[in-house]
Amino acid sequence: MSDAVIWTVILALGIGTYAIRFSFLGFLGDRTLPDWVLRHLRYVGVAVLPALVAPMILWTNGPGSAVDPARLVAAAAGFAAGWRFGVVPALVAGMGTLYAVQALIG
Amino acid sequence: MTPFWRGFRDAAPFMLVVIPFSVLFGAVAREAGMDILQIMAMSAVVFAGSAQFTALALLQDGAPVFIAILAGLAVNLRMALYSVALIPHLGHAPFWKRGVMSYLMVDQAFAVAVKTYDSEPDMPRAAKIPYYFGVVASVCPLWLAFTWVGAVVGRTIPPDWQLDFALPICFIALTAPLLRSLAHVVACFVAVSVALMFAWVPWNLWLILAALAGMAAGAEVERRAARV
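Protein chains in written order, with this note's numbering: chain A, 1 to 106; chain B, 1 to 228.
Take the hints with a grain of salt, since some may be wrong.
A short list of chain A residues far from chain B (calculated; beta carbon distances all over 12 Å) [stated by the list, open to error]:
id: 1; residue: A66
id: 2; residue: L98
id: 3; residue: L104
Computed Cβ-Cβ distance ranges for the label pairs, DEER-style [claimed, not checked]:
id: 4; chain 1: B; residue 1: A145; chain 2: A; residue 2: R31; range: 34 to 40 Å
id: 5; chain 1: A; residue 1: V37; chain 2: B; residue 2: A63; range: 33 to 39 Å
id: 6; chain 1: A; residue 1: P69; chain 2: B; residue 2: A216; range: 31 to 37 Å
id: 7; chain 1: A; residue 1: V37; chain 2: B; residue 2: L182; range: 18 to 24 Å
id: 8; chain 1: B; residue 1: G62; chain 2: A; residue 2: L72; range: 35 to 41 Å
id: 9; chain 1: B; residue 1: P158; chain 2: A; residue 2: R31; range: 46 to 52 Å
id: 10; chain 1: A; residue 1: I15; chain 2: B; residue 2: L182; range: 39 to 45 Å
Listed next, the stretches of chain A that the computed footprint assigns to chain B, with coverage defined by at least 3 CB atoms under 8 Å from CB atoms of chain B [as the list claims (entries may be wrong)]:
id: 11; region: 15-24
id: 12; region: 39-52
id: 13; region: 68-79
To be clear, the hints were calculated from the coordinates, so they are not data collected in a lab.
From the three backbone atoms N, C-alpha and C, an ideal C-beta is built for every residue, glycine too.
Isolated chain B, as found in the complex (with noise of 0.2 Å):
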């Protein structure tokens, strides 16, 4: 199989997640009163759900047009994360393509690529970018085409089957077999303690704190380690 078909194949159960996610955004938007081109512009232009969801809850409570956008904004400062983590196995890519992969830079590819980098070192570079290209096409077109769906039913998928869990429990899987050394332990125990103590900061920042916390706690584990 092709590094491509790959990553398509291994981003595939992430539809679970994307399409209930995409639609829900539709049906949201549309009920707040932006047409299909307003709608279809946000999902396109942004390409990122949850400030998405925030800035459209803001405007809808009143907010100032800044601080929806600066909001939203917040919300994704969780991307300059992936942004420089992909660095080391993306950044020999042509700059054209790495603006490409920075537009699809969504939370499912980060977390399906960085789970397959980072537990086959082998991987060869020239593999790792059509990879990232693979996942991509798997989760992206999704999001466009469902939220178009959303918009034109206007109906969400019935909450009652929970789909939002699909989220969690697809990150938890492929975090778990990351968790190989006591650092790694380390990193993720410290970021979610972060993660549920400062919950309560606004905009995802938290999860700034939490993600900052753990890596500097995974890296400090790590430096011990090397040094005995």
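Looking at chain A on its own, in the form it has when it is part of the complex (with noise of 0.2 Å):
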């Protein structure tokens, strides 16, 4: 890796990360934008956050690797404290039952 080949990668994905993040905030913020669209952007969070965490949980190493039973239910866990009280419980839950589980079977 050449110093020029660095900085170019820094400069071209820092302009276009920017582009891609300010796009429609920044665009179309103080547009009204329609009733379907609106109904699809309320189910961003619960769609993408999801989405984005399963695969780690799934498999300790990329997608179809070993899968480890102890993240499985600290995810579960981490789900149950999470709905009910909160992030810190759910932490507290999750990473308490990995490392628990991990030491009862490992």
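With the hints as a guide, bring the two chains together.
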């Protein structure tokens, strides 16, 4: 990796990433969106966040790799604690369960 | 508590996620032969860890420069969804503030902000802007500070601690309370199913497929429920 390559990637990736982030919020920000768009937008959070983490929970090392049962149990514990109490209790319950189950079966 | 400090506090648990991730990037980039200035410039200019990891790994494998750039951008395409989803909440902010918000639009910021906006429909529009800035103030400076620590120290947090698992736990915890209608549950279920089925699609593009499928499913269930 030469210096020129690194700086090219930094600049191009930086500009492109900013363009993606700014795209809608920046250019359409103050406009009212049609109902059907708003209806879809209500589900971005519940669609993208679980989808982002589902493969991380199921597979320890990329798609199709080993399944760690401790992670599945820990995720369930985190879900229950998060649903009922919030993020910090979910972290305690999730990480605690992960370590405990791995100690038990490992 | 002001909205700013509420946002700061709500995002604080994510420090546990951001710190090890930042240290890891700094250390990995250093080992790949980048100098401190380049590492810090990359983290400050791109401001998107997973895309930086993707681009760096491709460069190390000897991939052409434009491939490394395109792959990094593909990984960041999910942020276009964040950008549009934040319009109803933050679109009324002045242009320059939307410019700053965009620069700091990281996964954690979107997750925490959208969770609060969604579960509190009565939150005043004016409070949503300082809330967002509180959220990003909590996690974004750490990204830079601990990239630097990782680059200088050159050592990562022991993988045995499995702190990488803190990210899924945090996101699950934020999503769980949002599953309050059939439409939300269906959107989540469809998105997760598509994500697992298409996880082999490279450069995180599976995530875009999963998100769009989930959104369409949720919107369709809502539309049918309203018609009955």
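Taking the hints in turn, this is what the structure says about them:
Distance to chain B confirms A66 of chain A as a non-interface residue, since its nearest Cβ pair spans about 14 Å, more than 12 Å. Residue placement check: L98 of chain A does not keep its beta carbon more than 12 Å from all beta carbons of chain B (closest about 6 Å). In this structure L104 of chain A is separated from chain B by more than 12 Å, as the shortest Cβ-Cβ distance comes to about 15 Å. Separated by about 37 Å at the C-beta atoms, A145 of chain B and R31 of chain A satisfy the suggested range of 34 to 40 Å.
Distance hint check for V37 of chain A and A63 of chain B: the Cβ-Cβ separation is about 36 Å, which falls inside the suggested range of 33 to 39 Å. Taking 31 to 37 Å as the suggested C-beta distance range, the pair P69 of chain A and A216 of chain B conforms, at roughly 32 Å. The hinted range of 18 to 24 Å is satisfied by V37 of chain A and L182 of chain B, whose Cβ atoms lie roughly 21 Å apart. Distance hint for G62 of chain B and L72 of chain A: a CB-CB separation of about 37 Å, consistent with the stated range 35 to 41 Å.
Our hint of 46 to 52 Å for P158 of chain B and R31 of chain A holds, since their Cβ atoms are close to 49 Å apart. The hinted window of 39 to 45 Å between I15 of chain A and L182 of chain B holds, with their beta carbons roughly 42 Å apart. For the region 15-24 of chain A, the assignment as covered by chain B holds, since 8 residues bring a beta-carbon within under 8 Å of that chain's beta-carbons and 3 suffice. Check result for the region 39-52 of chain A against chain B: holds, 14 residues qualifying (beta carbon to beta carbon below 8 Å, three or more required).
For the region 68-79 of chain A, the proposed coverage by chain B is satisfied: 5 residues have a C-beta within less than 8 Å of a C-beta in that chain, meeting the threshold of three.
Consistency with the previously given hints fails for number 2 only.
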